[in-house]
Amino acid sequence: MSAISEFSCESCGSLVQVEAHLRTAACPYCASPAVIERPLEAGRPAPLFVLGFVVPHERALAEARRWIRRRWFVPEALRKAKVESIRGIYVPSYLFSAAADASYTAQIGENYTETYTTTNSKGQTVTRTRTRTEWRSLSGRYAAYVSDIVVTASRGISNHELEGVEPFDLRALHRYTPRLLSGWIAEEASLPAEQCRELAVSESMTEIQRRVAAHLPGDKQRNLQVQAHLNDIEQELLLVPVYVLPVRYGDDEVVRILVNGQTAKVHSKLPRSWTKITVIIILVVILAAIGGYLATRS
Amino acid sequence: MQPAASPAALDPCNRCSSPVEHGDLRCAVCGLTTPVVESRTSAEKIEFLRCDGCGAAVSYDVKAQAPKCSFCDSVMHVESPEDPAEEAGAYLPFQIDSQAATEGMRAWLGTLGFFRPKDLQTSATVGELKPLWWVGWVFDAEVLVSWAADSEVGSRRSRWAPHAGQQHVHFQRILVPASRGLSLDECTAISGGYQLATQGPPPQPQPGTLIERFDVQRSAARKAIADTLTRAATAQAKDWVPGSRMRKLKVAVLPKRLSSDRLGFPAYVLAYRYHGKLYRAVVNGQDASLVVGNAPYSIGRIAAVIGLIAAIIAIILLLSTR
Numbered sequence: 001m002s003a004i005s006e007f008s009c010e011s012c013g014s015l016v017q018v019e020a021h022l023r024t025a026a027c028p029y030c031a032s033p034a035v036i037e038r039p040l041e042a043g044r045p046a047p048l049f050v051l052g053f054v055v056p057h058e059r060a061l062a063e064a065r066r067w068i069r070r071r072w073f074v075p076e077a078l079r080k081a082k083v084e085s086i087r088g089i090y091v092p093s094y095l096f097s098a099a100a101d102a103s104y105t106a107q108i109g110e111n112y113t114e115t116y117t118t119t120n121s122k123g124q125t126v127t128r129t130r131t132r133t134e135w136r137s138l139s140g141r142y143a144a145y146v147s148d149i150v151v152t153a154s155r156g157i158s159n160h161e162l163e164g165v166e167p168f169d170l171r172a173l174h175r176y177t178p179r180l181l182s183g184w185i186a187e188e189a190s191l192p193a194e195q196c197r198e199l200a201v202s203e204s205m206t207e208i209q210r211r212v213a214a215h216l217p218g219d220k221q222r223n224l225q226v227q228a229h230l231n232d233i234e235q236e237l238l239l240v241p242v243y244v245l246p247v248r249y250g251d252d253e254v255v256r257i258l259v260n261g262q263t264a265k266v267h268s269k270l271p272r273s274w275t276k277i278t279v280i281i282i283l284v285v286i287l288a289a290i291g292g293y294l295a296t297r298s
Numbered sequence: 001m002q003p004a005a006s007p008a009a010l011d012p013c014n015r016c017s018s019p020v021e022h023g024d025l026r027c028a029v030c031g032l033t034t035p036v037v038e039s040r041t042s043a044e045k046i047e048f049l050r051c052d053g054c055g056a057a058v059s060y061d062v063k064a065q066a067p068k069c070s071f072c073d074s075v076m077h078v079e080s081p082e083d084p085a086e087e088a089g090a091y092l093p094f095q096i097d098s099q100a101a102t103e104g105m106r107a108w109l110g111t112l113g114f115f116r117p118k119d120l121q122t123s124a125t126v127g128e129l130k131p132l133w134w135v136g137w138v139f140d141a142e143v144l145v146s147w148a149a150d151s152e153v154g155s156r157r158s159r160w161a162p163h164a165g166q167q168h169v170h171f172q173r174i175l176v177p178a179s180r181g182l183s184l185d186e187c188t189a190i191s192g193g194y195q196l197a198t199q200g201p202p203p204q205p206q207p208g209t210l211i212e213r214f215d216v217q218r219s220a221a222r223k224a225i226a227d228t229l230t231r232a233a234t235a236q237a238k239d240w241v242p243g244s245r246m247r248k249l250k251v252a253v254l255p256k257r258l259s260s261d262r263l264g265f266p267a268y269v270l271a272y273r274y275h276g277k278l279y280r281a282v283v284n285g286q287d288a289s290l291v292v293g294n295a296p297y298s299i300g301r302i303a304a305v306i307g308l309i310a311a312i313i314a315i316i317l318l319l320s321t322r
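Chains as they are written, first to last, in the working numbering: chain A, 1 to 298; chain B, 1 to 322.
If you are wondering where the hints come from, they were derived from the structure by calculation, not from laboratory data. Any given hint could be a false lead.
Claimed, not checked - Calculated pairs, DMTMM-like style, for lysine to aspartate or glutamate (alpha carbon to alpha carbon, straight line, at most 20 Å):
id : chain 1 : residue 1 : chain 2 : residue 2
1  : B       : Lys-248   : A       : Glu-134
2  : B       : Lys-223   : B       : Asp-24
3  : B       : Lys-256   : A       : Glu-234
4  : B       : Lys-250   : A       : Glu-84
5  : B       : Lys-256   : B       : Glu-21
6  : A       : Lys-269   : A       : Asp-169
7  : A       : Lys-82    : A       : Glu-58
8  : A       : Lys-265   : A       : Glu-166
9  : A       : Lys-269   : A       : Asp-252
10 : B       : Lys-130   : B       : Glu-103
11 : B       : Lys-248   : B       : Glu-152
12 : B       : Lys-63    : B       : Asp-73
13 : B       : Lys-130   : B       : Asp-185
14 : B       : Lys-256   : B       : Asp-24
15 : B       : Lys-250   : B       : Asp-239
16 : B       : Lys-250   : A       : Asp-101
17 : B       : Lys-63    : A       : Glu-63
18 : B       : Lys-63    : A       : Glu-161
19 : B       : Lys-250   : B       : Glu-152
20 : B       : Lys-256   : A       : Asp-101
21 : B       : Lys-256   : B       : Asp-11
22 : A       : Lys-265   : A       : Glu-58
23 : B       : Lys-223   : B       : Asp-140
24 : B       : Lys-250   : B       : Asp-227
25 : A       : Lys-269   : A       : Glu-161
26 : B       : Lys-256   : A       : Asp-148
27 : B       : Lys-250   : A       : Glu-207
28 : B       : Lys-256   : A       : Asp-232
29 : B       : Lys-223   : A       : Asp-148
30 : A       : Lys-82    : A       : Asp-101
31 : A       : Lys-82    : A       : Asp-252
32 : A       : Lys-269   : A       : Asp-251
33 : A       : Lys-265   : A       : Asp-169
34 : B       : Lys-223   : B       : Glu-21
35 : A       : Lys-269   : A       : Glu-253
36 : B       : Lys-223   : A       : Asp-169
37 : B       : Lys-256   : B       : Asp-227
38 : A       : Lys-220   : B       : Glu-152
39 : B       : Lys-63    : A       : Glu-58
40 : B       : Lys-248   : A       : Asp-219
Please read all numbers here as calculations on a predicted model, not as lab measurements.
Could you put the whole structure together from the sequences, leaning on the hints where they help?
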């Protein structure tokens with residue numbers, strides 16, 4: 001696989017270069033959009049589905065600005081930084097589904113009320129009731145389909161970041177066609193499929209654990225152990241719409257904000273301003289001390 | 001525009017064996033991708049997307065949510081999951097006439113019990129009688145049901161003990177009403193007597209006969225069927241929980257071979273008057289013994305029973321004090 005592809009623009013004849021990790025390009029002279037269809041290679045699967053952008057650039061930018069201004073504990077330079085640059089990218093991800101067959105064991109807490117006698121503050125013997133929990137063992141099986149698991153296939157955007165802007169509305173799924181990418185940046189899958197599968201299996205196991213916990217009877221539960229097998233596994237490459245906004249602040253520091261191109265949900269891992277946090281803690285301590293002083297005086 | 005999908009039947013889903021319909025990109029039951037014709041390139045290919053109409057460059061447009069020509073505003077088609085409005089595929093015929101329906105309704109009025117007026121059956125005057133076809137889905141599914149619940153069996157200090165299990169169930173011909181004109185309770189009450197094997201083509205529209213249409217789309221229909229499947233599994237699971245008392249029953253379903261038909265069901269809607277007040281009854285169009293509706297109560301009879309109970313209580317109290 002060559003690092004860079006070259007082709008002549010159909011409109012103006014200029015030579016256009018496309019990096020190997022991208023699927024789309026635009027002629028730098030006449031802005032004609034093009035989509036590159038590469039032959040299948042190991043480690044570079046073809047996308048099967050696309051979720052189109054629904055949120056316009058302007059709204060994504062406005063949502064990102066609003067979101068960052070509401071983050072009180074980030075450095076002030078970052079809160080006031082200009083958020084101007086925005087790029088809509090079709091990020092490669094895998095859409096994963098399977099049939100889950102799980103067995104589980106858990107301790108189920110069943111509440112009951114008991115009466116007891118005690119001595120009150122006046123030294124009198126009184127009868128009272130209290131709720132106690134009786135713990136019982138339960139084991140069982142749980143079977144269900146796990147679908148709609150989306151994990152990143154991009155080295156550029158981590159799965160944690162993608163989870164931050166999920167969920168995507170999969171009802172709006174389109175069968176892949178280059179037409180949907182034209183004029184936008186689209187990345188090729190860059191993570192190995194096996195690595196993505198491990199991520200998806202891990203997410204599925206978390207989902208099954210959550211579902212089994214909600215499935216259990218009783219008033220309380222503890223020591224839940226779930227052993228799940230995933231059968232009929234399928235993962236297909238899906239391009240999801242994400243806006244990426246690099247924000248520069250302070251001494252040339254950069255943070256990256258992601259905006260879901262369907263729902264405008266914003267996510268970023270922002271640095272904290274320890275100065276602000278320290279000031280708040282000191283204020284709280286001073287207020288608590290004043291409150292304590294007034295309480296003891298009264 | 002791309003050519004319309006072939007009407008030929010599609011292969012069922014490879015994972016859950018449920019039928020796949022034209023326009024589905026994924027199986028609606030288990031989420032498996034529907035098969036796609038492979039058209040992979042063997043060499044690198046650059047595609048410049050041009051408008052079919054004017055030849056200008058085409059880009060994906062956020063507002064149109066489709067590829068759009070920047071010059072002439074033409075919007076290009078892309079393959080998406082289809083979500084057409086549901087239509088009844090077959091209708092069951094009427095097997096009783098309006099006179100039999102009226103007689104069925106009168107017979108029903110006589111079965112409503114002591115608290116109804118004595119002359120209800122004879123004094124009710126039938127007003128309007130309207131034949132209609134109401135619509136609904138009928139589904140079959142093989143389901144692996146996982147259940148968990150508390151019951152009194154095995155309880156110690158607490159009144160409850162946890163239980164869990166897993167069973168295979170074959171749901172057959174489960175009806176999911178989708179009628180706008182009839183309530184869910186009315187449809188459910190008369191649904192037992194329909195002979196599903198008698199289904200035929202759509203009836204010819206006739207004056208005075210109402211032929212209902214589904215007013216939901218395919219996605220909403222599938223949700224209604226999935227909800228009914230879970231309710232049916234929950235109702236079935238009540239039989240599996242040991243003991244006579246239970247709480248916190250939860251079920252999870254793994255359906256296979258979930259298939260459904262969209263049908264029209266015949267019924268008569270009758271309006272009748274009793275002492276000037278209007279009431280309504282619905283009669284199954286194939287079995288006149290299946291009737292549901294509302295009917296008046298006899299205030300005199302209810303008062304007499306209350307008076308009798310009060311008198312008995314008074315006598316008991318009197319005797320106990322003496």
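Hint-by-hint comparison with the structure:
1. B:Lys-248 <-> A:Glu-134: Holds - the C-alpha atoms of Glu-134 (chain A) and Lys-248 (chain B) are around 17 Å apart, at most 20 Å.
2. B:Lys-223 <-> B:Asp-24: Holds, at roughly 15 Å.
3. B:Lys-256 <-> A:Glu-234: It holds: about 17 Å lies between the C-alpha atoms, which stays within 20 Å.
4. B:Lys-250 <-> A:Glu-84: violated, 50 Å
5. B:Lys-256 <-> B:Glu-21: holds, 16 Å
6. A:Lys-269 <-> A:Asp-169: violated, 23 Å
7. A:Lys-82 <-> A:Glu-58: At roughly 14 Å apart (the allowed maximum being 20 Å), Glu-58 (chain A) and Lys-82 (chain A) satisfy the hint.
8. A:Lys-265 <-> A:Glu-166: holds, 8 Å
9. A:Lys-269 <-> A:Asp-252: Holds: Lys-269 (chain A) and Asp-252 (chain A) sit about 17 Å apart, inside 20 Å.
10. B:Lys-130 <-> B:Glu-103: Judged against 20 Å, a Cα distance of about 15 Å means the pair holds.
11. B:Lys-248 <-> B:Glu-152: Holds: Lys-248 (chain B) and Glu-152 (chain B) sit about 12 Å apart, inside 20 Å.
12. B:Lys-63 <-> B:Asp-73: Satisfied, since the Cα-Cα distance of roughly 12 Å is no more than 20 Å.
13. B:Lys-130 <-> B:Asp-185: Holds: Lys-130 (chain B) and Asp-185 (chain B) sit about 19 Å apart, inside 20 Å.
14. B:Lys-256 <-> B:Asp-24: Holds - the C-alpha atoms of Asp-24 (chain B) and Lys-256 (chain B) are around 17 Å apart, at most 20 Å.
15. B:Lys-250 <-> B:Asp-239: holds, 13 Å
16. B:Lys-250 <-> A:Asp-101: holds, 17 Å
17. B:Lys-63 <-> A:Glu-63: Roughly 17 Å separates the two Cα atoms, so the pair holds.
18. B:Lys-63 <-> A:Glu-161: violated, 26 Å
19. B:Lys-250 <-> B:Glu-152: holds, 16 Å
20. B:Lys-256 <-> A:Asp-101: holds, 14 Å
21. B:Lys-256 <-> B:Asp-11: Judged against 20 Å, a Cα distance of about 14 Å means the pair holds.
22. A:Lys-265 <-> A:Glu-58: holds, 14 Å
23. B:Lys-223 <-> B:Asp-140: With Cα atoms ~15 Å apart, Lys-223 (chain B) and Asp-140 (chain B) stay inside 20 Å; holds.
24. B:Lys-250 <-> B:Asp-227: holds, 14 Å
25. A:Lys-269 <-> A:Glu-161: holds, 8 Å
26. B:Lys-256 <-> A:Asp-148: With Cα atoms ~18 Å apart, Lys-256 (chain B) and Asp-148 (chain A) stay inside 20 Å; holds.
27. B:Lys-250 <-> A:Glu-207: holds, 17 Å
28. B:Lys-256 <-> A:Asp-232: holds, 13 Å
29. B:Lys-223 <-> A:Asp-148: holds, 16 Å
30. A:Lys-82 <-> A:Asp-101: violated, 50 Å
31. A:Lys-82 <-> A:Asp-252: holds, 13 Å
32. A:Lys-269 <-> A:Asp-251: holds, 18 Å
33. A:Lys-265 <-> A:Asp-169: holds, 12 Å
34. B:Lys-223 <-> B:Glu-21: holds, 15 Å
35. A:Lys-269 <-> A:Glu-253: The given pair, whose Cα atoms are some 13 Å apart, holds under the 20 Å limit.
36. B:Lys-223 <-> A:Asp-169: Measuring from Cα to Cα gives roughly 16 Å; hence the hint holds.
37. B:Lys-256 <-> B:Asp-227: holds, 15 Å
38. A:Lys-220 <-> B:Glu-152: Judged against 20 Å, a Cα distance of about 17 Å means the pair holds.
39. B:Lys-63 <-> A:Glu-58: holds, 12 Å
40. B:Lys-248 <-> A:Asp-219: holds, 9 Å
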